[in-house]
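J.: Chain residues, written in single-letter form:
2 protein chains.
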Amino acid sequence: MKSQIVCKFGGTSVANAAQINKVKDIILQNKERQYVVVSAPGKDSSDTEKLTDHLINIATDGRHFRSQSKEIDAQKSYKHVIEKFQRLIADLGIEGKDIIKNLEKDIKKPIPEGKKKDFLASRGERYNAEIVCRYFNKQGILSELVLPEDMGLVVSEIFSNASVIPVSYRNIREKLSTVEGVSVIPGFYGMTAKGDVAVFSRGGSDLTGGEIAYAIEAALYENWTDTDGIYQVDPRLIPEAKVIPRLTYKEIRLLSSKGFDVFHYDAMVNCKKRNIPIKIRNTNNLASEGTLIVSERVPEEVVVGIARKDNIAYLYIERDGAGESISFVHDLLSVIKDYGIETYHYPTDRDDIAILLNQDDMVGFAKDIKETIEKEFNPDTLEFSYNISILSPVGIGMKNHPGVIAEAATALKEQNINIDIINQGPAQISFHFGFQNYYADSALKAMYKTLIK
Amino acid sequence: MKSQIVCKFGGTSVANAAQINKVKDIILQNKERQYVVVSAPGKDSSDTEKLTDHLINIATDGRHFRSQSKEIDAQKSYKHVIEKFQRLIADLGIEGKDIIKNLEKDIKKPIPEGKKKDFLASRGERYNAEIVCRYFNKQGILSELVLPEDMGLVVSEIFSNASVIPVSYRNIREKLSTVEGVSVIPGFYGMTAKGDVAVFSRGGSDLTGGEIAYAIEAALYENWTDTDGIYQVDPRLIPEAKVIPRLTYKEIRLLSSKGFDVFHYDAMVNCKKRNIPIKIRNTNNLASEGTLIVSERVPEEVVVGIARKDNIAYLYIERDGAGESISFVHDLLSVIKDYGIETYHYPTDRDDIAILLNQDDMVGFAKDIKETIEKEFNPDTLEFSYNISILSPVGIGMKNHPGVIAEAATALKEQNINIDIINQGPAQISFHFGFQNYYADSALKAMYKTLIK
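Going down the list, the protein sequences come from chains A and B.
Heads up: the first sequence runs through residues 0 to 452, numbered per numbering that gives the first Met the number 0.
Heads up: the second sequence runs through residues 0 to 452, numbered per numbering that gives the first Met the number 0.
None of these hints come from the bench; they were simulated from the model.
Backbone N, C-alpha and C fix where the C-beta goes; we use that ideal spot for every residue, glycine too.
One thing to keep in mind: the hints can contain errors.
Claimed, not checked - Below, computed lysine to aspartate or glutamate pairings styled on EDC-like, alpha-carbon distance capped at 16 Å:
hint, chain 1, residue 1, chain 2, residue 2
1, A, Lys271, B, Glu317
2, B, Lys271, A, Asp379
3, B, Lys272, A, Asp319
What the hints assert, rightly or not - Only some residues are given here: those of chain B computed to face chain A with a beta carbon under 7 Å:
hint, residue
4, Glu323
5, Ser326
6, Thr347
7, Asp351
8, Asp367
9, Lys412
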């Protein structure tokens with residue numbers, strides 16, 4: 000199977016008939032694209048909400064949109080889902096009455112609370128895969144619909160955040176080896192040992208693709224989306240920024256950040272284990288070669304890209320010996336930990352420490368945290384600072400290449416930009432500058448110009 | 000009392016008659032020097048060991064030196080102590096038979112184990128103060144010996160690491176207000192509530208001076224030693240380095256490091272609280288103005304000095320999500336904490352973290368720590384790296400003065416020196432560069448030239 004390719008198509012790539020037709024062309028273009036993982040149809044210009052949100056809204060009897068102050072009741076969502084699929088079927092010119100009938104049956108099926116949301120949420124992928132498969136066959140691509148329940152994709156019983164149980168890999172390998180032609184597989188869900196549908200976290204179709212690539216030891220995992228690949232810097236700010244042709248797994252981890260991952264992180268873990276390269280491609284722009292993610296590469300440049308993270312806060316504490324006592328940092332982190340707040344960097348001095356935090360995680364807790372720390376640590380100073388942005392040049396070429404930080408800092412000095420926080424660890428494939436948010440745009444431009452352009 | 004000065008003289012300043020004569024001149028020079036805190040006589044060219052070590056050796060029946068593989072038994076130490084004081088008395092030309100007799104009585108006094116070491120360790124200060132006082136009076140300086148037991152300097156009952164109990168301040172103030180002329184006070188010890196002698200940690204005469212300055216709200220605390228003051232950088236490496244005329248309490252904390260403090264840190268805490276300036280002076284070089292430590296100053300320069308810390312190790316751990324998980328850093332630090340190892344900086348990335356540690360604290364534990372971490376965290380990579388040096392430019396002038404780090408990094412780049420670790424917190428009065436030790440000398444020279452010279 001070694002030369003086969005697993006292709007996962009994201010929501011926008013299968014949002015309507017025109018998009019699904021592009022997918023068909025992509026499959027036709029390369030015979031090694033034998034495994035197609037399909038997302039639910041994404042939003043196109045005719046939709047205001049995602050299909051999966053409509054399905055969850057049905058499962059929660061309208062609470063899902065109500066909690067977002069949107070006036071869309073379960074009935075409206077139901078209508079939308081059916082119409083979306085009907086339109087797809089009609090536009091693709093395939094036979095699909097049975098699909099609509101089965102979908103309606105699924106939606107009306109009595110399912111216990113706690114399992115219902117996952118079951119309904121998965122229906123977008125489930126039936127879209129069937130539609131894509133039918134269209135492929137109509138267009139002369141011999142294809143077979145392979146459902147998670149058919150191939151034994153077994154997941155843990157943690158609803159809405161399931162993970163794959165290792166027995167699945169053998170099941171998947173065996174099942175897929177029996178398929179003639181292209182396997183079309185719905186992403187996003189698996190079956191618990193008890194036979195219930197459980198979904199991965201949102202964006203989990205990436206994960207399905209990664210798990211299948213791992214199971215069959217694919218030669219390549221193609222992740223088809225609506226962007227040309229990973230950019231050196233945010234192209235909305237710097238339009239001339241280029242797509243990076245090759246990145247290591249490590250580099251892409253540093254270039255993307257939690258919540259802004261180009262694709263589902265867990266999808267990468269197993270590919271990394273088996274050294275399966277991942278390619279980010281754009282369904283809408285075949286001319287772009289995309290970004291290939293590999294375990295090793297020979298860097299031609301020093302800095303390959305600059306990551307940006309906004310909405311960072313920091314907690315600053317001054318107390319004699321804070322930064323050098325054996326337990327102070329530990330004890331302080333145990334307070335933060337209790338609030339479930341993500342922390343990033345810990346710049347310390349002899350008598351002070353700052354802890355960088357996810358600002359959004361902190362909403363509603365700042366006062367509490369402040370009081371707890373006042374009480375437990377009696378610091379000389381205790382301050383929260385908000386709206387910090389972190390810019391992080393990344394590149395394996397930086398390792399043992401002295402001077403990158405000098406160039407970056409000099410570029411900022413010339414712009415008279417003050418760096419609040421600096422952090423660089425011994426791996427030396429990235430470093431981090433923290434600024435007040437209002438500096439971040441011009442800092443990014445200056446650093447891009449000096450380090451990359 | 001506001002204009003009065005507390006002077007503390009370190010061991011070398013009172014090591015022999017010639018030195019004590021210099022002390023007398025210093026006191027004569029300024030009438031406000033009304034409170035003189037005296038250390039035990041320090042080592043001079045005729046001694047191989049410190050007097051206090053001899054006293055501890057007597058208290059431990061020779062174990063103290065034996066544990067250092069030195070062949071000096073308690074009897075030899077006894078002889079040395081008596082002879083040292085006899086020589087002092089003879090050279091100063093004062094009457095002192097009663098002092099020797101009382102000292103011998105003290106040494107032979109039956110004292111319970113656990114209290115004996117502190118009692119004997121304090122005798123160097125105790126009798127040296129009496130000798131200095133007697134010499135002052137002989138030289139026409141009206142002086143009174145004021146012992147901790149006379150003035151109610153009450154300390155906690157933690158032997159060898161006692162701390163002052165606040166009731167002492169009132170006692171001290173009241174007692175000293177009754178003294179006519181100069182008060183000569185032995186440093187290093189106080190009395191527990193039960194009436195036992197307990198000493199501060201080694202170097203604790205600084206603490207006595209600081210506590211007295213605090214108690215009487217002195218105008219100035221002069222710390223007389225054998226160095227001209229705080230240097231910009233280590234003058235052994237860079238002979239042209241100058242003494243810094245003024246530093247804030249914060250700056251001196253950052254310029255000195257635990258184990259390499261110019262004077263006892265706890266001595267500063269109370270002075271800081273009452274805004275009492277501290278002056279480091281050289282008994283052997285009155286021409287040098289020394290270094291004045293104050294709470295605020297207007298910086299004329301950007302970087303005032305560069306601190307250096309050698310013998311740092313780091314623990315480097317790679318595991319997906321290590322640097323951004325809520326509890327990973329906390330849980331990791333709790334392992335280190337269990338071994339009582341001092342930690343300094345925590346440079347993190349998304350998937351890795353390094354913890355900088357005191358290398359000496361780690362001796363004998365590295366294997367254990369490695370095994371514990373392997374077991375508990377199952378990291379992808381786990382490495383110890385040794386012989387790291389940290390250079391830290393310091394200066395309140397750096398705050399909001401962009402570009403210092405750019406200049407420093409550029410200077411290193413020009414020397415082709417690789418920076419392993421970088422850390423700068425939001426206070427921005429210092430930043431830290433970590434290098435392999437073999438780079439440290441040339442890095443310090445390059446940074447000195449660029450930032451200070």
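J.: Was the hint right that Lys412 of chain B lines chain A, CB cutoff 7 Å?
T.: The hint holds - Lys412 of chain B has a Cβ within 7 Å of chain A, the shortest such distance being about 3 Å.
J.: A closest beta-carbon separation below 7 Å is what the hint needs, so does Ser326 of chain B meet it against chain A?
T.: Since the shortest Cβ distance to chain A is 5 Å, the answer is holds.
J.: Regarding the pair Lys272 of chain B and Asp319 of chain A, is the alpha-carbon distance no greater than 16 Å?
T.: holds, 12 Å
J.: Going by Cβ atoms only, is Asp367 of chain B closer than 7 Å to chain A?
T.: violated, 16 Å
J.: Once the shortest beta carbon distance from Glu323 of chain B to chain A is found, is it less than 7 Å?
T.: holds, 6 Å
J.: Should the interface hint for Thr347 of chain B be scored as holding, given a Cβ-Cβ cut-off of 7 Å against chain A?
T.: holds, 6 Å
J.: At a threshold of 7 Å, is the proposed contact between Asp351 of chain B and chain A supported by beta-carbon distances?
T.: holds, 6 Å
J.: For a C-alpha distance cap of 16 Å, please report whether Lys271 of chain A and Glu317 of chain B respect it.
T.: holds, 15 Å
J.: Does Asp379 of chain A lie within 16 Å of Lys271 of chain B when you go C-alpha to C-alpha?
T.: Since the Cα atoms of Lys271 of chain B and Asp379 of chain A sit roughly 12 Å apart, the hinted pair holds (cutoff 16 Å).
Hint 8 alone, counting from the list given before, is not met by this structure.
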